[in-house]
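Engineer: Chain by chain, the residues run as shown.
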Amino acid sequence: MIRAVQLRKRFPNGADALDGVSFTVEKPQLIAVTGPSGSGKTTLFRICNGTVRPTSGEVDVLGIPMASARAGRLQGIRKLVAVVYQNHNLVASLSVLQNVLIGRLGQVNLVSAIRSAFLPTDEDVRRVEHLLDELGIADKLYSRADDLSGGQQQRVAVARALMQEPELLLADEPIASVDTETARVILELLRRVSREQGVTVLVSLHQHQYVEQYCDRVIDLRNGSLVRDETLSELGVAT
Amino acid sequence: MTSTSSAATRPVRPFRGHGFGWSNSLLILIGLAVLGWSFNGTSFSLTALFEANNAKSVTRFVGGLFPPNLSPDFLGTVARLTLETIQISIVGTFLAIVLGFPLGVLALRRRGEEVSRPSLGTPLWLLGWSRYYVSRMVLNLLRAVPELVWALVFVVAVGLGPLPGVLALAAHSTGVLGKLYAELFESVDQRLVEAGRSTGASELAVLLFIRVPSMLPTLLSYTLFRWECNMRAATLLGFVGAGGIGSQLVISMKLFQYHEVLTLALAILCLVVLSDVVGQVIRTRVLDGPGVDCEPAMVEVERARV
Numbered sequence: 001m002i003r004a005v006q007l008r009k010r011f012p013n014g015a016d017a018l019d020g021v022s023f024t025v026e027k028p029q030l031i032a033v034t035g036p037s038g039s040g041k042t043t044l045f046r047i048c049n050g051t052v053r054p055t056s057g058e059v060d061v062l063g064i065p066m067a068s069a070r071a072g073r074l075q076g077i078r079k080l081v082a083v084v085y086q087n088h089n090l091v092a093s094l095s096v097l098q099n100v101l102i103g104r105l106g107q108v109n110l111v112s113a114i115r116s117a118f119l120p121t122d123e124d125v126r127r128v129e130h131l132l133d134e135l136g137i138a139d140k141l142y143s144r145a146d147d148l149s150g151g152q153q154q155r156v157a158v159a160r161a162l163m164q165e166p167e168l169l170l171a172d173e174p175i176a177s178v179d180t181e182t183a184r185v186i187l188e189l190l191r192r193v194s195r196e197q198g199v200t201v202l203v204s205l206h207q208h209q210y211v212e213q214y215c216d217r218v219i220d221l222r223n224g225s226l227v228r229d230e231t232l233s234e235l236g237v238a239t
Numbered sequence: 240m241t242s243t244s245s246a247a248t249r250p251v252r253p254f255r256g257h258g259f260g261w262s263n264s265l266l267i268l269i270g271l272a273v274l275g276w277s278f279n280g281t282s283f284s285l286t287a288l289f290e291a292n293n294a295k296s297v298t299r300f301v302g303g304l305f306p307p308n309l310s311p312d313f314l315g316t317v318a319r320l321t322l323e324t325i326q327i328s329i330v331g332t333f334l335a336i337v338l339g340f341p342l343g344v345l346a347l348r349r350r351g352e353e354v355s356r357p358s359l360g361t362p363l364w365l366l367g368w369s370r371y372y373v374s375r376m377v378l379n380l381l382r383a384v385p386e387l388v389w390a391l392v393f394v395v396a397v398g399l400g401p402l403p404g405v406l407a408l409a410a411h412s413t414g415v416l417g418k419l420y421a422e423l424f425e426s427v428d429q430r431l432v433e434a435g436r437s438t439g440a441s442e443l444a445v446l447l448f449i450r451v452p453s454m455l456p457t458l459l460s461y462t463l464f465r466w467e468c469n470m471r472a473a474t475l476l477g478f479v480g481a482g483g484i485g486s487q488l489v490i491s492m493k494l495f496q497y498h499e500v501l502t503l504a505l506a507i508l509c510l511v512v513l514s515d516v517v518g519q520v521i522r523t524r525v526l527d528g529p530g531v532d533c534e535p536a537m538v539e540v541e542r543a544r545v
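Note that the protein sequences, when read in sequence, are chains A and B. Read in the working numbering, the first sequence has 200 at position 200, and its numbers run on one by one without any break. Read in the working numbering, the second sequence has 405 at position 166, and its numbers run on one by one without any break.
Calculated directly from the structure, the hints in this document are not laboratory data. Glycine included, each C-beta is placed from N, C-alpha and C at the ideal position. Just to be clear, a hint being listed does not mean it is correct.
Claimed, not checked - Non-contacting residues of chain B with respect to chain A, defined by C-beta distances greater than 12 Å in every case (computed): (1) VAL273; (2) GLY303; (3) ASN308; (4) GLU353; (5) LEU363; (6) TYR372; (7) ALA396; (8) ASP428; (9) GLY439; (10) LEU447; (11) VAL451; (12) LEU494; (13) LEU513; (14) ARG522.
Unchecked claim - Computed beta-carbon distance windows for the label pairs: (15) GLY20(A) / ALA272(B): 31 to 41 Å; (16) ARG356(B) / ARG3(A): 21 to 31 Å; (17) GLY20(A) / ARG356(B): 53 to 63 Å; (18) LEU387(B) / ARG73(A): 44 to 54 Å; (19) GLY72(A) / GLN429(B): 53 to 63 Å; (20) GLN429(B) / GLY20(A): 52 to 62 Å.
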């Protein structure tokens with residue numbers, strides 16, 4: 001599913017965001033990527049999504065070598081790799097429904113996408129409603145994204161990612177700026193998606209109690225290097 | 240010891256000089272010299288207005304303005320030409336939007352490693368840059384030629400009347416709007432664009448669902464402003480035979496019918512105020528209104544039923 005070998009990313013300013021990171025993910029799991037700010041978590045996610053190319057090393061995602069893939073191939077693989085961003089990245093002037101439907105943009109043709117945006121079918125609305133319901137914000141379906149609180153926006157971002165029906169989900173600090181209740185709702189859903197739908201989820205987290213409570217495995221980064229890669233059972237934590 | 244170590248870890252601010260350096264003073268001196276040179280080159284003089292001969296001409300002109308010509312016949316002509324001016328500005332702006340939008344999209348400079356040479360491959364990358372430069376060049380050309388000059392060109396091409404006026408406004412405004420659209424699309428938060436691309440969406444889908452909605456109020460505001468500019472420009476196009484109220488204005492001036500000129504000037508003032516008011520109303524509704532309602536009408540109906 002993911003195979004990273006000696007992954008290194010050096011930015012133009014000379015800073016090494018990742019330095020020789022290697023790991024493999026073979027089965028669907030909820031994996032916590034931990035480490036202090038600046039340790040390389042976001043860069044790792046961006047490389048796995050093909051947004052950034054590694055300086056050296058190899059990374060295969062769903063069997064595609066991301067380091068050498070051309071734009072067309074990357075676009076194809078991204079349909080299966082969803083991302084939840086720390087700062088939501090929602091389109092403020094669109095409704096929650098329209099923002100969540102953006103998650104499907106890669107899977108439908110442009111005409112269908114335009115029709116969905118202006119005249120969503122009952123099926124579209126039902127799917128979005130179901131996702132929002134799981135996240136506890138079904139009543140916000142027609143609200144403008146910028147009318148929502150930070151926590152609600154983050155839930156919409158999670159719904160948009162799940163709308164994509166991905167095989168791999170990269171969640172970059174999805175609970176960094178939300179309250180405890182929202183954090184639990186989001187992590188519960190990610191765990192359920194991982195276990196019931198067989199989606200591999202990489203989630204960057206700072207809170208160790210959540211790592212122990214929800215995750216199957218932890219990858220710890222420090223200054224761009226992988227310092228720990230263990231399953232929670234190896235750590236003696238029952239999940 | 241402590242202070243030494245904290246000083247060592249403190250980031251070093253690059254030296255940029257303090258206050259007014261010699262380079263800033265030099266720039267101001269150059270600026271003043273250019274200003275003086277321009278005043279001199281244009282023979283600028285405030286006293287010229289008050290010289291005996293000039294003052295007499297101004298008095299005669301101002302005296303001739305009153306009373307304005309309010310005869311029904313002339314008011315009918317003014318109303319017809321005013322409406323024609325409005326029509327010229329509306330059609331000219333509409334065509335500029337239709338042509339400026341695709342040109343603006345072509346002139347959009349995409350950012351991110353996804354659109355870098357290694358990602359796209361050399362042929363596609365070169366094609367992207369060619370598209371960018373050619374469309375920018377077309378927009379620059381359209382924008383560089385003023386409406387009045389375009390009107391002269393189109394009067395020669397299609398004859399007198401409102402049509403060359405429409406085409407002139409469309410040509411110049413396409414250049415202006417195309418460039419504005421391109422730059423607005425470029426200025427969308429790159430993180431939003433990245434979020435759109437991360438779904439596997441095409442660049443066109445990212446444009447329609449991320450860039451355009453993110454910039455919609457500003458796009459609308461700039462387009463309305465362009466319409467206001469076109470309304471003002473349409474009043475002048477008649478000077479070269481391209482229709483609108485300007486055609487009557489130039490006739491009245493040439494025949495020294497200054498009382499007609501005042502009536503026309505008042506009509507032009509009304510036009511400008513009208514475009515400003517319409518622009519403000521639309522802007523207020525979109526930008527400052529009590530939230531744009533995203534909810535479809537059917538939901539309201541459902542709620543009412545409940």
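Engineer: Taking the earlier hints as the rules, which of them does this structure contradict?
Structural biologist: 4, 5, 8, 9, 10, 11, 15, 17, 19, 20
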